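2 protein chains.
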Amino acid sequence: MTTELTAVQLIDKHRPTLDGALEAIRTRAYWSPHPEHPKAYGGTDESGRSSLSAGEGQAAFDALRGTRFELDQPGTDGWVGDEVSPYGIELGVLYPRPDIEVLLPAMRAAMPAWRDAGPQTRAAVCVEILARISARTHEFAHAVMHTSGQAFMMALQAGGPHAQDRGLEAVAYAYQEQMRTPQSASWSKPQGKRDPLQLAKEFTAVPRGISLLIGCNTFPTWNGYPGLFASLATGNPVLVKPHPRAVLPLALTVQVAREVLSEAGFDPNLVALAAERTDEGLAKTLAVRPEVRLIDYTGSTAFGDWLEANARQALVFTEKAGVNTVVIDSTDNYQGMLSNLAFSLSLYSGQMCTTPQNLLIPRAGIATDAGAKSYDQVVSDLAAAIDGLLGDDTRASALLGAIVNPQVKDRVEKASDLGQVALASRTVANPDFPGATVRTPTIVKADGARKFWDGPDADTAYLSECFGPVSFAVAVDSTPDAIELLRHTIRQQGAMTVGAYTTSTDVERLTEEACLEECAQLSLNLTGGVYVNQTAAFSDFHGSGGNPAANAALCDGAFVANRFRTVEVRRQA
Amino acid sequence: MTTELTAVQLIDKHRPTLDGALEAIRTRAYWSPHPEHPKAYGGTDESGRSSLSAGEGQAAFDALRGTRFELDQPGTDGWVGDEVSPYGIELGVLYPRPDIEVLLPAMRAAMPAWRDAGPQTRAAVCVEILARISARTHEFAHAVMHTSGQAFMMALQAGGPHAQDRGLEAVAYAYQEQMRTPQSASWSKPQGKRDPLQLAKEFTAVPRGISLLIGCNTFPTWNGYPGLFASLATGNPVLVKPHPRAVLPLALTVQVAREVLSEAGFDPNLVALAAERTDEGLAKTLAVRPEVRLIDYTGSTAFGDWLEANARQALVFTEKAGVNTVVIDSTDNYQGMLSNLAFSLSLYSGQMCTTPQNLLIPRAGIATDAGAKSYDQVVSDLAAAIDGLLGDDTRASALLGAIVNPQVKDRVEKASDLGQVALASRTVANPDFPGATVRTPTIVKADGARKFWDGPDADTAYLSECFGPVSFAVAVDSTPDAIELLRHTIRQQGAMTVGAYTTSTDVERLTEEACLEECAQLSLNLTGGVYVNQTAAFSDFHGSGGNPAANAALCDGAFVANRFRTVEVRRQA
Chain A
1 MTTELTAVQL IDKHRPTLDG ALEAIRTRAY WSPHPEHPKA YGGTDESGRS SLSAGEGQAA
61 FDALRGTRFE LDQPGTDGWV GDEVSPYGIE LGVLYPRPDI EVLLPAMRAA MPAWRDAGPQ
121 TRAAVCVEIL ARISARTHEF AHAVMHTSGQ AFMMALQAGG PHAQDRGLEA VAYAYQEQMR
181 TPQSASWSKP QGKRDPLQLA KEFTAVPRGI SLLIGCNTFP TWNGYPGLFA SLATGNPVLV
241 KPHPRAVLPL ALTVQVAREV LSEAGFDPNL VALAAERTDE GLAKTLAVRP EVRLIDYTGS
301 TAFGDWLEAN ARQALVFTEK AGVNTVVIDS TDNYQGMLSN LAFSLSLYSG QMCTTPQNLL
361 IPRAGIATDA GAKSYDQVVS DLAAAIDGLL GDDTRASALL GAIVNPQVKD RVEKASDLGQ
421 VALASRTVAN PDFPGATVRT PTIVKADGAR KFWDGPDADT AYLSECFGPV SFAVAVDSTP
481 DAIELLRHTI RQQGAMTVGA YTTSTDVERL TEEACLEECA QLSLNLTGGV YVNQTAAFSD
541 FHGSGGNPAA NAALCDGAFV ANRFRTVEVR RQA
Chain Y
1 MTTELTAVQL IDKHRPTLDG ALEAIRTRAY WSPHPEHPKA YGGTDESGRS SLSAGEGQAA
61 FDALRGTRFE LDQPGTDGWV GDEVSPYGIE LGVLYPRPDI EVLLPAMRAA MPAWRDAGPQ
121 TRAAVCVEIL ARISARTHEF AHAVMHTSGQ AFMMALQAGG PHAQDRGLEA VAYAYQEQMR
181 TPQSASWSKP QGKRDPLQLA KEFTAVPRGI SLLIGCNTFP TWNGYPGLFA SLATGNPVLV
241 KPHPRAVLPL ALTVQVAREV LSEAGFDPNL VALAAERTDE GLAKTLAVRP EVRLIDYTGS
301 TAFGDWLEAN ARQALVFTEK AGVNTVVIDS TDNYQGMLSN LAFSLSLYSG QMCTTPQNLL
361 IPRAGIATDA GAKSYDQVVS DLAAAIDGLL GDDTRASALL GAIVNPQVKD RVEKASDLGQ
421 VALASRTVAN PDFPGATVRT PTIVKADGAR KFWDGPDADT AYLSECFGPV SFAVAVDSTP
481 DAIELLRHTI RQQGAMTVGA YTTSTDVERL TEEACLEECA QLSLNLTGGV YVNQTAAFSD
541 FHGSGGNPAA NAALCDGAFV ANRFRTVEVR RQA
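Chains as they are written, first to last, in UniProt numbering: chain A, 1 to 573; chain Y, 1 to 573.
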């Protein structure tokens, strides 16, 4: 496109969207400007916005394969890329590898004009970037699918509208935070009978410096957009370092951002890509550069801890590993509980940071609307529910997606080493992609007696994150013990989510108190179409930022407030 | 007092004050509920609020001397204290030294009820604490004077109403931040022809853990209240570890806080004192305790850096050393400039973190409304202005206060080692306190040629903080060079304040750009009754949080947003 965009046009165009987002984060009611249904895309809608149809998105993705992904960044030092889809196809896309001695200064040089543009213009440009991304949702869906291994529908929704929602949410928080201080103020202090003291004051939100986004393999856009847009909206250039196995979704994002920035009259180097050679470890190099003052990271605890310890010149926002627990005390909807849990454990083969891992079930069984159920019965009924859900290979593939990398595949294949298998994983054939690695979830039985998790001899598999389609049916001595184990697990390992099923108000209260004290997000008695592993932008917080799984939540004031500083210039009036 | 306070009463009583503060931080206009004039205190005002008069405050302070300061804290392990006033008198007050193995658990046990009270009640309790402190302003004035060495009027104003303003400002930010998310929400997501998905959500602001306040010698209340009240208002217990030479003002604060908390039905252990034996190094012990999750610190760069590197379990807010610069390019009010600078350099003997240190003056002189002035002339005129301001010992004492500690005294006495002395420091006799150590400021000439501050041979005294009444008249080759040196100094050493005098719009623009890019607060052309080293709560930011002098600003969203987290509990509706 060649249209020049003025700031005023952009602000006018996107004011309703921004206002909608601001209202939604205030009320926490349901809201989204990004349609979830695949058929909502294609053609031109009533407001004149055109988007790629399913076929156009597929074609756009196909056209990218085997090409050089041109970004016209300063300081390109060769071309890199070896993405292979979890569905078995090679993408063959080559990306520019940056010469950071050239790229970083170019990014810094772009800062003053972007700072001077102010919060409103920055927000409008960010919303325009998201709108252009939204229009290419079908293209992004394939890019996310073939890097993360998500099934197509999930890749479209989580990688498209849901990720865009999370990006917009960050823009709204960033805008609101910067607008809390006025641009100027008159200050007049009475001095009794003398003239008042008078000052004219100006306040400017200033960026911290280059913001580094270190992308992840499983949710490159969903986990990447909050940090990217929070930093950009607060005036910082963003250098995007994607996971080497999931470059394309973020490369497309960078491309759109650069296009919009240019058209709006800003330096496109405010957003740049840092692709790397295999095993280059570029994130480590970039993270300690003095120009890098903000880092957003999603990934392993080991590297997150390394960043927090070593990238001391930067503010570091991390989402690391955690162990998610579901306390199963009792239920008045046994079938609903089983169906809900079966879906949660199966979705994207359990490869979500929010997937439950440990199901804590009293050894003596639980009370349900279908009568008392023993521990063994609950476990076998859950196994049956999963079997039923995934009985048909086509349907199973649409829910499971594909295994994202060989480590996860190894883990599920070796799960029987961890204990007695209550539900074995099986291989599923994907009818469209014979090369896809697809596995159903496995459930391992475990003993939750206190000695196994508390004290000198504690050494049990379920206390560590076992990322992928492996969960543990942990037999606990009582529900109070389950709540103690829940607390212990959150404190030691962190948790992105906690679930609980109970008909007892006492147990509900104890579980809530545990989550309030240990700082974890709790879903109670989900038996319908909402799952513990799903959160909705503008309403639900993703992570708490208060336990070891993540030092930030998506999204709140703390996620944006320190990405900029306020400089005051005051003059005698 | 024995009155029981209900939350509703407190909220009603303090709603106007809180609303006033919220409005002030939004508009940044002048506002304060705390009178500055000493005569505003005493008796009972029209709203029924009684306060200590000057005489009563003096008597209350006198009565404290030579006593045990009882706080009724759990876990007292002996009594400590050896404060000696910079005015030469021994305070002789003994404080409880904590057994932290008893005190810390007691503080943690107080958290759930304080969390459950909610942001509004917490804010009201905090405002009540501030109101009680305000009523004892005259007593606090003596306590601050005889620990910091501030002159009485400054101790009363900066240690009283201005500190209370900064505390209230933090309460307002904390309240507002917690209220951005509603307590509950109904969420209903349309599902086309099917029933909508519906959830009932509850959101609770939860504390991080014990907050440690490490107080400073020079401004125990002013620098201490923001962190104390920000943490308390967001639900965290606060352990106050005062500077061993400035315990009394914070011990009084803890006493008032515990009294109000008890009367309002909360556990007084939400605020506790940690006094220590001389050279015990208790801050280091406390800072790495796992229960301590927040730290507020004002003091040396060395210990601030140690905290940031070692107290990794906590969020650390630091104000450290910096080097403050004034660029002197030109002026249309030469006398006003000289008077303003003379006052700034003299106030509290230059012992403010905001006092200018380096005055950058072009070697070729400057243009003024009184004609061209050579570098030497500017320096000698400034020296004369200081001499004039401090010519009378009584008046000088009222402005200078006393030298806070022997290190500052040594520094000013050895200033001639640093270069040619343009204004020598002299000893002033304090008529009321013969034991007071009082010194006037000294000005040392220095060469600001680039080779002395930039490059391999750079090694000049003015590039380091020289805390106390020592400033440098730095001869620079040009105003652009001055701005380069300003940038260099902020980047390397940090700065709490920057001043500039110029009649040139170009120089003004360049100086502003330097401050925006290096992130420092700028005061332009101050020639009247506002000084570069003074900031007003609710309007001015103290520090920027974006250069090495401090990682936080007083006060903004970033100062409070991460002191609590939000836990969500969602249920199927």
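Everything labelled a hint here was simulated from the structure, so no lab data went into it. In this text the structure is predicted, and so the values were computed from the model without any measurement. Careful, some of the hints might be misleading.
Derived DEER-like restraints, expressed as beta-carbon distance ranges [what the hints assert, rightly or not]: (1) Y/S504 x A/S47: 26 to 32 Å; (2) Y/A370 x A/A109: 48 to 54 Å; (3) Y/R15 x A/R491: 35 to 41 Å; (4) Y/G48 x A/R26: 34 to 40 Å; (5) A/E101 x Y/K193: 57 to 63 Å.
Just so it is clear, CB atoms sit at the ideal spot from N, CA and C, and this is done for glycine as well.
Pairwise beta carbon distance, Y/A370 to A/A109, judged against the given window 48 to 54 Å: Taking Cβ atoms as reference, Y/A370 and A/A109 lie about 42 Å apart, which means the hint is violated.
If you check the beta carbons of Y/S504 and A/S47, does the distance land in 26 to 32 Å? Since the Cβ atoms of Y/S504 and A/S47 sit about 50 Å apart, the hinted range of 26 to 32 Å is violated.
Could you check the hint for me, namely that A/E101 and Y/K193 are 57 to 63 Å apart, CB to CB? holds (58 Å)
Does the beta carbon distance between Y/R15 and A/R491 stay inside 35 to 41 Å, or does it fall outside? Given range 35 to 41 Å: holds, Cβ gap about 38 Å.
Within 34 to 40 Å: is that where the Cβ-Cβ distance between Y/G48 and A/R26 falls? holds (37 Å)
The earlier numbered hints that this structure contradicts are 1 and 2.
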